[in-house]
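Listed in order, the protein sequences are those of chains S and L.
To convert, note that position 131 of the first sequence is 131 in the numbering used here; the numbers rise steadily by one, no gaps.
To convert, note that position 152 of the second sequence is 152 in the numbering used here; the numbers rise steadily by one, no gaps.
For the record, the hints were derived by calculation from the structure and aren't laboratory data.
The beta-carbon is built from N, C-alpha and C at its ideal position, and this holds for glycine as well.
Any given hint could be a false lead.
Stated by the list, open to error - Pairs of lysine to any residue, SDA-like flavour, derived with a Cα cap of 25 Å:
{"#": "1", "chain 1": "S", "residue 1": "Lys-301", "chain 2": "S", "residue 2": "Arg-288"}
{"#": "2", "chain 1": "S", "residue 1": "Lys-55", "chain 2": "L", "residue 2": "Gly-133"}
{"#": "3", "chain 1": "S", "residue 1": "Lys-141", "chain 2": "L", "residue 2": "Val-277"}
{"#": "4", "chain 1": "S", "residue 1": "Lys-251", "chain 2": "L", "residue 2": "Gly-133"}
What the hints assert, rightly or not - A short, non-exhaustive set of chain L residues, derived as facing chain S with CB atoms under 10 Å:
{"#": "5", "residue": "His-58"}
{"#": "6", "residue": "Thr-59"}
{"#": "7", "residue": "Pro-60"}
{"#": "8", "residue": "Phe-82"}
{"#": "9", "residue": "Thr-136"}
{"#": "10", "residue": "Ile-137"}
{"#": "11", "residue": "Gly-260"}
{"#": "12", "residue": "Leu-485"}
{"#": "13", "residue": "Asp-496"}
{"#": "14", "residue": "Ala-498"}
{"#": "15", "residue": "Val-571"}
{"#": "16", "residue": "Pro-574"}
What the hints assert, rightly or not - Computed footprint of chain S on chain L, listed as stretches where at least three residues anywhere in the stretch have a Cβ under 8 Å from a Cβ of chain S:
{"#": "17", "region": "305-315"}
{"#": "18", "region": "378-386"}
{"#": "19", "region": "599-605"}
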Amino acid sequence: MSNIDRRKLVKGSLAVMMAGATFSRGGLADTSEPILLGVSGPLTGPNAQYGTQWKQGFDLALDEIMAAGGINGRKLVYQFEDSQSDPRQSVAIAQKFVSDSRIVMELGDFSSPASMAASPIYQRGGLVQFGFTNSHPDFTKGGDFMWSTSVSQADEQPLLAAYAVKRLGLKKLAVLHLNTDWGRTSRDYFTNAAKEYGAEIVVTEGYIAEERDFRSTLVRVRDANPDGLILISYYSDGALIARQARQVGLKQVICAASSVYSPKFIELGGEAVEDVHVGTRYFPEDTRPEVQKFIAGFKKKYNGQEPDAFNAYSYDAMNMAAAVVKIGGTDRRAIRDAFTKVKDVSSVIFGSATFDVASRRVKGAMNAELVVRKGQFALWDGKPT
Amino acid sequence: MSSWLDYTINGLIVGNVYALVAVGLALIFGVSRLINFAQGSIYLVGAYIGWVAVVQLHTPLPLTIIVVAVAAAIVGLIIERFGLRPLQNSVRIAPLLATIGISFVLDQLVMLTFSPNPRALPSQLPDVRFQVGGGTIGPLDLLIAGVGLTSALLLFVFLRYSKLGWAVRATAQDRDAAMQMGVDVNRVNQAVFGIAAALGGVSGMLVGMYYNQIDTAMSLQATLKGVVAEVVGGAGNVPGAVIGSLLLGLVESYGVAVFGTSYRNLFAFLLLVVVLVLRPNGLFASARQAPPEPLTGTFIAPSRPVRIPRWMLLAASAIFAILPLFPVSFYVLQTLINAWLLGMLALSLTLVAGTIGQVSLGHAALLAIGAYTSALLSLTLNVPVGLAIIGGGLMSAALGTLLISPSFRLRGHYVSIATLAIGEIVSLVILNWESVTRGPIGISGIPPLSLFGYDLISPTAIYWFSFAVMVVLALLQGRLLTSHLGRSFRAIRDDDIAARAYGLSLNRYKSLAFIFGGFAAGVSGGIAAHLYSYINHETFNTQQSILALTVVILGGLGNVVGAMLGAVALVGLPEVFRIAAEYRILIYGIVLLLLVRFRPQGLLGTM
Numbered sequence: 001m002s003n004i005d006r007r008k009l010v011k012g013s014l015a016v017m018m019a020g021a022t023f024s025r026g027g028l029a030d031t032s033e034p035i036l037l038g039v040s041g042p043l044t045g046p047n048a049q050y051g052t053q054w055k056q057g058f059d060l061a062l063d064e065i066m067a068a069g070g071i072n073g074r075k076l077v078y079q080f081e082d083s084q085s086d087p088r089q090s091v092a093i094a095q096k097f098v099s100d101s102r103i104v105m106e107l108g109d110f111s112s113p114a115s116m117a118a119s120p121i122y123q124r125g126g127l128v129q130f131g132f133t134n135s136h137p138d139f140t141k142g143g144d145f146m147w148s149t150s151v152s153q154a155d156e157q158p159l160l161a162a163y164a165v166k167r168l169g170l171k172k173l174a175v176l177h178l179n180t181d182w183g184r185t186s187r188d189y190f191t192n193a194a195k196e197y198g199a200e201i202v203v204t205e206g207y208i209a210e211e212r213d214f215r216s217t218l219v220r221v222r223d224a225n226p227d228g229l230i231l232i233s234y235y236s237d238g239a240l241i242a243r244q245a246r247q248v249g250l251k252q253v254i255c256a257a258s259s260v261y262s263p264k265f266i267e268l269g270g271e272a273v274e275d276v277h278v279g280t281r282y283f284p285e286d287t288r289p290e291v292q293k294f295i296a297g298f299k300k301k302y303n304g305q306e307p308d309a310f311n312a313y314s315y316d317a318m319n320m321a322a323a324v325v326k327i328g329g330t331d332r333r334a335i336r337d338a339f340t341k342v343k344d345v346s347s348v349i350f351g352s353a354t355f356d357v358a359s360r361r362v363k364g365a366m367n368a369e370l371v372v373r374k375g376q377f378a379l380w381d382g383k384p385t
Numbered sequence: 001m002s003s004w005l006d007y008t009i010n011g012l013i014v015g016n017v018y019a020l021v022a023v024g025l026a027l028i029f030g031v032s033r034l035i036n037f038a039q040g041s042i043y044l045v046g047a048y049i050g051w052v053a054v055v056q057l058h059t060p061l062p063l064t065i066i067v068v069a070v071a072a073a074i075v076g077l078i079i080e081r082f083g084l085r086p087l088q089n090s091v092r093i094a095p096l097l098a099t100i101g102i103s104f105v106l107d108q109l110v111m112l113t114f115s116p117n118p119r120a121l122p123s124q125l126p127d128v129r130f131q132v133g134g135g136t137i138g139p140l141d142l143l144i145a146g147v148g149l150t151s152a153l154l155l156f157v158f159l160r161y162s163k164l165g166w167a168v169r170a171t172a173q174d175r176d177a178a179m180q181m182g183v184d185v186n187r188v189n190q191a192v193f194g195i196a197a198a199l200g201g202v203s204g205m206l207v208g209m210y211y212n213q214i215d216t217a218m219s220l221q222a223t224l225k226g227v228v229a230e231v232v233g234g235a236g237n238v239p240g241a242v243i244g245s246l247l248l249g250l251v252e253s254y255g256v257a258v259f260g261t262s263y264r265n266l267f268a269f270l271l272l273v274v275v276l277v278l279r280p281n282g283l284f285a286s287a288r289q290a291p292p293e294p295l296t297g298t299f300i301a302p303s304r305p306v307r308i309p310r311w312m313l314l315a316a317s318a319i320f321a322i323l324p325l326f327p328v329s330f331y332v333l334q335t336l337i338n339a340w341l342l343g344m345l346a347l348s349l350t351l352v353a354g355t356i357g358q359v360s361l362g363h364a365a366l367l368a369i370g371a372y373t374s375a376l377l378s379l380t381l382n383v384p385v386g387l388a389i390i391g392g393g394l395m396s397a398a399l400g401t402l403l404i405s406p407s408f409r410l411r412g413h414y415v416s417i418a419t420l421a422i423g424e425i426v427s428l429v430i431l432n433w434e435s436v437t438r439g440p441i442g443i444s445g446i447p448p449l450s451l452f453g454y455d456l457i458s459p460t461a462i463y464w465f466s467f468a469v470m471v472v473l474a475l476l477q478g479r480l481l482t483s484h485l486g487r488s489f490r491a492i493r494d495d496d497i498a499a500r501a502y503g504l505s506l507n508r509y510k511s512l513a514f515i516f517g518g519f520a521a522g523v524s525g526g527i528a529a530h531l532y533s534y535i536n537h538e539t540f541n542t543q544q545s546i547l548a549l550t551v552v553i554l555g556g557l558g559n560v561v562g563a564m565l566g567a568v569a570l571v572g573l574p575e576v577f578r579i580a581a582e583y584r585i586l587i588y589g590i591v592l593l594l595l596v597r598f599r600p601q602g603l604l605g606t607m
């Protein structure tokens, strides 16, 4: 064994002893001390909007958790460190969280490079990295401390394909997708499912996140003569594509992945997104109580603002974290094991969430088939547009 | 065939959008010889002022334009007076860096005021569309084209026929001579910044309306495309900027037509490199124009470097070397590991930018090449990690030098623009070359760092490893700089004509510098790949290139110890400001501005 390894062992055992000391102090003497979660995510930089949305969802969930008496009488709080979704910063944050014995588990980061660069540190440090926007297929392969409530695209995309091909009867499809790990993975699951249902993919175009001008892309789409456009996009680029599609004279049916589900999609897209079909995991008129509670609470807390998908993810993630900590206590290893025990947690996205222990993800996202009608998302009534 | 008409129209429309930014950039470059990286931020400010006017004050369109123009002009005047005028007599690179700092501050202020969520900025023109080819054109398309062309025309007339315009041109040609002839150079600068900012603000508003969407991340893209368009047209040439923009729009549009959407920006940046290689001053640079840069000491401040005594260096190295033996947290060690990795990148950049005078804004590409090479060697060919990292360094040295060599004949700002383009090209090739790089999915499961069969996974081990690598590279570079070769490098930087007359082969020496620099950067990227275990095309982005340049300027160009100091400071500062959460980039920007203002030659001075 090399020197380095020996020193690491000494350090490791010291850290364990210290953590143990803190724990016993916290566990026995002082139950009024809050339970601390670490959050690593973007508050500045190009993805700052998502960090802001996370906070809204977290804060709402925490209000409700506190109102219900907290975690066995203790407060649950989080410490949000800004990573700008940059891997260099997320690894430093990971070391910070791992060596801070007050932190019982971690949530985030936002993008795959930032999250997966930090995974080895969380794995070795024995701190759960709970990624709730991490749909990269390899994220939970980072180790048994990586868990995710991000809907697997293997789950979601076939549902969208069924909506487009089986229900809407589209046979020749043009697929436009964000050229990121998420967009690419989603596209592959979508095209496989769509082909299985008998549709033909006539053109596929990947675009980068900063793109604003899609006119030329859409001429390519027009020349391929599809009868439907599939958008694997976020709401801002999805709205742009829909607007420009109408401007260059494309009148085809548009179908979009759930990630466009946001009031902002309609605000930014205006009339161009009228009649756009969206397969989504929840929508405000869903009568399920967990959805109604979430929406009512959100509107009340944020001056009538409508929540969107990222608000829902973070809200669900905080509720899941609370449920796990309730079972696992404040010991990091026990918290990891609690992920295998937690059952049927009330969830906006999943209805009730239970982890699949093998994949460390949740299966069975809810699905609603929506369409934009008169400037609002509505349940699709089965009529063609 | 009709599709080609559509591609052409679309290219012209988006070209108009680029023109709005490029004209402002060209005007400022014409007078101040400065690439204003804050132009995109003024565009952003204009868009948000437009939003306030339209959505909250319900102003009619003509009034909206006036409000935005005036407000943006005021911002421009403030930038000129407090951000740039104090830097007049400092190194050329100082104002460039200041505009980067200003853009951080402006972007961040807008984000804090309006939140980072995108907003809709409704168009105030009627939504009628005219059928042209297979597509349609709306009034806003025409307005944007009108604003772009009219402003270029008006500016041309202004520069040619008005007295202030003459003063502007005189100042552009020879600042000192103009001053001696009684031109109030400061007033000229002010006028130019005011006009350029007003244009930039209005363009942000119009583009926001065009897309019905504004967000706080729109400024960097606008700057990038504007700079490309401007340089293609001929830096400082206002009508050239418009033509360059239209050309850029067309190339992008035809590129999409032929190769598909994911190649779009690749063609934009390739166009830039090709133009720079064939016509180094842009397509429409006039033959009579004065040489764009003085011949000597382009970027280098006349400063006396701070000599750090040898014992102090030894003591500092010793302290850093034994640091992990003390009870410091892993977080501190990880932060310092980041600093050592950045330090290696800075060594590379300080050699090429500081010692031989080729400022690079695309240095992250070298990291990416090293990282991908090392990751792929160890993953697919099972090369031991230690060797794979060296392989990454060698590949960066070879490929980096090869890619950058076309820019060897460029000078001044054109070098930085060419390297910026090469950086983007490498990133886009990584995104599109899926059979090798796995495209957007990236490479995961990269084996951890290891040496002679021992895995280095504790932060302590990684700390020592990266520190040792950096020290060895720094010692080698220090030795290089004191050798005959180092003196030749500096001779080329200080006066390339004299150096050539003396018989030095410029290209060969520049290649040597890039080979050594590329190696250091590639090793840094390789270590990062094994440290992160996952990389994709976004891991090493433009921001890292700018960060590296900041480090080098901060430490002092060409200064090896300065590069280390700068790396520790710039990795450390944002961590120190971590408690400030949303405000930390703002604070970082302000600190950067103050440093440029009061210590433009860098903390330790230029070697």
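Margin query: Given the hinted pair Lys-251/S and Gly-133/L, is their Cα-Cα distance within 25 Å?
Written below: It holds: about 16 Å lies between the C-alpha atoms, which stays within 25 Å.
Next item on the list: Mind checking the CB of Gly-260/L against every CB in chain S and telling me if the closest is under 10 Å?
Entry: Hint on Gly-260/L: holds, closest Cβ of chain S at ~6 Å, below 10 Å.
Check: Okay, the region 305-315 of chain L and chain S, do three or more residues pass the C-beta test at under 8 Å?
Finding: It is violated: at least three residues are needed, and the region 305-315 of chain L offers just 0 whose Cβ sits closer than 8 Å to chain S.
Note to self: Min Cβ distance, Thr-136/L to chain S: is it shorter than 10 Å?
What the structure shows: With a closest approach of 6 Å, the Thr-136/L hint holds.
Margin query: Next item in the hint list is Asp-496/L. Is there a CB on chain S closer than 10 Å to its CB?
Written below: Nearest chain S Cβ about 36 Å off; hint violated.
Check: Are the Cα positions of Lys-141/S and Val-277/L separated by 25 Å at most?
Finding: violated, 46 Å
Notebook entry, point to check: Given Ala-498/L as an interface hint, is the shortest Cβ-Cβ distance to chain S below 10 Å?
Noted result: With a closest approach of 41 Å, the Ala-498/L hint is violated.
Note to self: Tell me whether the statement that chain S covers the region 599-605 of chain L is true, taking a Cβ distance below 8 Å and needing three residues at minimum.
What the structure shows: Since three or more residues must qualify, the claim that chain S covers the region 599-605 of chain L is violated, with 0 doing so at under 8 Å.
Notebook entry, point to check: Is the hinted pair Lys-301/S and Arg-288/S satisfied, with a Cα-Cα distance of at most 25 Å?
Noted result: Holds, at about 20 Å.
Checklist line | Interface hint for Pro-574/L, Cβ within 10 Å of any Cβ on chain S | finding: With a closest approach of 7 Å, the Pro-574/L hint holds.
Check: Does the interface hint hold: is Ile-137/L within less than 10 Å of chain S, judged Cβ to Cβ?
Finding: holds, 9 Å
Next item on the list: Double-check Thr-59/L for me: the hint is only fine if its C-beta lies closer than 10 Å to a C-beta in chain S.
Entry: Violated - the Cβ of Thr-59/L stays beyond 10 Å from chain S, reaching only about 20 Å at its closest.
In this structure, the hints that do not hold are numbers 2, 3, 5, 6, 7, 8, 12, 13, 14, 17, 18, 19, in rising order.
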